[in-house]
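With chain A fixed as given, assemble chain B onto it according to the hints.
Number of protein chains: 2
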Amino acid sequence: MNGAESLLRTLVNGGVEVCFMNPGTSEMHFVAAADRVPDMRCVLGLFEGVVSGAADGYARMADRPAATLLHCGPGLGNALANLHNARRARVPVVNIVGDIATHHRAYDAPLQSDIAAIAGAVSGWVREVRDAMEIPEAAHAAIGESLRPPGQIATLIVPADCAWNESTEPFTDPVIVPEPERSADAQIREAAAALRSGRPAALLISGLALRERGLALASRIAQASGARLWCDTFNTRHERGAGRVAIAPLSYFPERAQEALQNLEHLVVAGTRAPVGFFAYPGVRGTIAPPDCAIHVLASPEADGLDALERLVAELGAEKFEPIPQPLERPDLSRGALTPEAIARALAVLLPEDAVVVDEAITGGSALLSMTATAAPHDWLSITGGAIGQALPVAVGAAIAAPDRSVICLESDGSAMYTLQSLWTQARESLNVTNVIFSNAEYRILSIEHQRVGAGKPGPKARELFSLRAPDLDWVRLALGMGVPARRATTAEEFIRALAEFLKEPGPGLIEAVID
Amino acid sequence: MNGAESLLRTLVNGGVEVCFMNPGTSEMHFVAAADRVPDMRCVLGLFEGVVSGAADGYARMADRPAATLLHCGPGLGNALANLHNARRARVPVVNIVGDIATHHRAYDAPLQSDIAAIAGAVSGWVREVRDAMEIPEAAHAAIGESLRPPGQIATLIVPADCAWNESTEPFTDPVIVPEPERSADAQIREAAAALRSGRPAALLISGLALRERGLALASRIAQASGARLWCDTFNTRHERGAGRVAIAPLSYFPERAQEALQNLEHLVVAGTRAPVGFFAYPGVRGTIAPPDCAIHVLASPEADGLDALERLVAELGAEKFEPIPQPLERPDLSRGALTPEAIARALAVLLPEDAVVVDEAITGGSALLSMTATAAPHDWLSITGGAIGQALPVAVGAAIAAPDRSVICLESDGSAMYTLQSLWTQARESLNVTNVIFSNAEYRILSIEHQRVGAGKPGPKARELFSLRAPDLDWVRLALGMGVPARRATTAEEFIRALAEFLKEPGPGLIEAVID
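Here the protein sequences come in this chain order: A and B. Per this note's numbering, the first sequence starts with residue 1, numbered consecutively. Per this note's numbering, the second sequence starts with residue 1, numbered consecutively.
Chain A extracted, bound-state conformation (with noise of 0.2 Å):
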């Protein structure tokens, strides 16, 4: 068996049975392998952007990793944007990628370049291969590290020769997974009596507290100690919806955020750290918590959350609270112009029971949280290292992931512009996501920022830089053009129809939601 069997059987054995993949001619042999390794599902990526987004949106819902496969140094730089995503969103990822032979690397060939220096940038363990036998071990030891906790990226270089040649059987071991770190005692007493303190205090979650089990125990610990609940800006995956406990996210823009927190004295932190500002800005403080506010670390992303919420109900007797989830509330329907309130409005209506939300609708986003914060239950799984031109790719991993479940994909114009191949994968795999585009023709995030960093209001040269005009983007002709079914809205009657009608059918679908 060569080593690209031994490779993508181990991974098999490892429970790791997706591969979303972009190859060239130094991964042949996994592909080949392909076709004698049946359980090893293969979904190619016209663009490595859409395959390391995939791999990101399917870790968020499966919970164990699916594989890259990715050709040389450049087809992991077409990567890197969403795996520095996954990165930040705490996913494990098994993150392949091929390289020139061994014996082939003292002639510096056209594609040969520093894989290991790039994939250190966003990689939590990294190896590099030199032979085949070493393979099964390797590739087993990357499933384990990318497990680590809370997830990672664990790359895995590999060497052409290294896949063809002679190998080893697969390992049929388990998965040697690194427990969490466990919040010691002190840690849960000192957060307890901080909220015990009767002075101002919230608790900031995020990870797998954002799952229904650990929202139940934030309520507990809430109504035990009075305080108050947030959770990141942006989160991986955040269960939410009517029979769940609310908890609101803090605001992307430092002065809002910092305003929330203001006059707080305790912040208990538990699978994330103190919050940040997302970018500097002039005159703005970096942190978001009041500079003489005490941070408590509850539990580290590294650390088991949930035992460490468990311990601090239990420390603050907060057992007997029952937690309070909300009721089912859908809003009214808007009629008339397309607004993105209108959009939200629509969304929180006509939002399946478990559909799963991929949100990075930037700016035309400002309503939808709010809006959907008590329509039937769902997972919101937003954008966590920055990198726009996530959303579509994500949505890919998520539905194949979770086949059973609806997707409904919220992505901003000018986002979807870096990863648009997502579609004809998206339609390839027949997957059910309903792709809503919210096309102002315009990077209106960057006109904000503009002013929020100090460089007063954009002039023609930068208004020409933030706009998606001369020529429009049709984004109708772009999804058929990858043979997704696409229609565009104009007015809220017609978004909401083309919604019903793309949630109702199976595969993809599109919506250009024209908003102003």
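In short, the hints are calculated from the structure, not lab data. Hints may be right or wrong, so weigh each one.
The list treats identical chains as interchangeable, and a pair is accepted whether it falls inside one copy or across any two copies.
[As the list claims (entries may be wrong)] Within a straight-line C-alpha distance of at most 25 Å, the following computed SDA-like cross-link-like pairs (lysine to any residue) qualify:
| no. | residue 1 | residue 2 |
| --- | --- | --- |
| 1 | K504 | A470 |
| 2 | K504 | A109 |
| 3 | K457 | T490 |
| 4 | K461 | E166 |
| 5 | K320 | D114 |
Below, chain B alone, put in the same frame as chain A:
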């Protein structure tokens, strides 16, 4: 004057007058400064691979650098594949990457990453600015470093506060360009002796030696010595066609290239290195020249190849030979089925004088070079680093550098999908680019490589992974969706008509050439 403005003005003063960009929040002060620096032309790409590829194409035609403006590590990641190609093209690029403000670094904000590590993989020079006061000197140095012979990527990392803080006046001093190495007299004598030895010998050239002047020198050398002439498989810019000296590129397939050089005893190289296989294959030698062939470095890629060729001409007494230019001879046009050969014939007949051809047609381009060898004089730009998705953006940059020349972009459908956003920039800037998409609905090269690496005939899964069908890509819709006029050609006659019309009309156009 803030750092951003001082940087832009220093660039303009140093002859860098075009900035290809995809800015984000940390680059907003550059955008604002652009409104105060009218001599800097700002060209927006909707994906960073467009930006970096355009900078490559610009440098190839302008022989001076453009600047890029990229947003943090993920923006650099998206640009990486075409920066890799630019590195292998050995062209100058002033690569500017914005970063999180210095005082915000301690917070590990979501977009933060190790930019220098990523940049190092493609750059000959990397500098991180730490203070706005450094900026003019750093920008001045970056221009000079980008021009270090033969040309390289000089990356300047600029934290947001260094852009918005007060800086000093821009540099107006002339840019200091390091001198190229000058080949030693011993190298000239060794090359002359090898070529005069009476044993089978060849001269392999690339770089500036593939411009008219270098070709003329090579022709004299060949006539004086009987040496055969070759050039690299993929070249940055090759001036060819009627009135120029013929030179054949080595085959991409190592076995064929090895066969072409079999029995060779002396290989003299100028402006390049001893040729090697693009990839390794089991049982195939990695080097192209025979194992016992002596390699004589007349001029390394870093050296002044034209100077070395001139001195070799003198050493050989070859001044008395006149360069032998090719006649103008156009092939006949094809009729009926649209084949790669029919496309090549049409191109050879219709190629406007001084056209710039950007070639990433891959398997569809098999007949291009032979058919166009004696067409009207033109420049041929090929994919230098093997990172596909290069031709559409290189065409953007070439058209901006050479606005009076017709640019023809020959692009395979698989490659086109990586950077299709280039079409939008072509439309926005009204560039005279005629794009031909070689649409065989397949990564055909991979079917070939699958067998060549010893993986046998592709099985059903492999065939699906090489196929761009199910769904079909519709290039007419994709182009129209980005504002580029487009039509589909399925016969030779349709193709000829479309090519003639698009070449006549100003602005971009796209032909989806449906081939088998």
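Hint numbers not upheld by this structure, sorted from lowest to highest:
Of the numbered hints given earlier, those the structure breaks are 2, 3, 5, listed in rising order.
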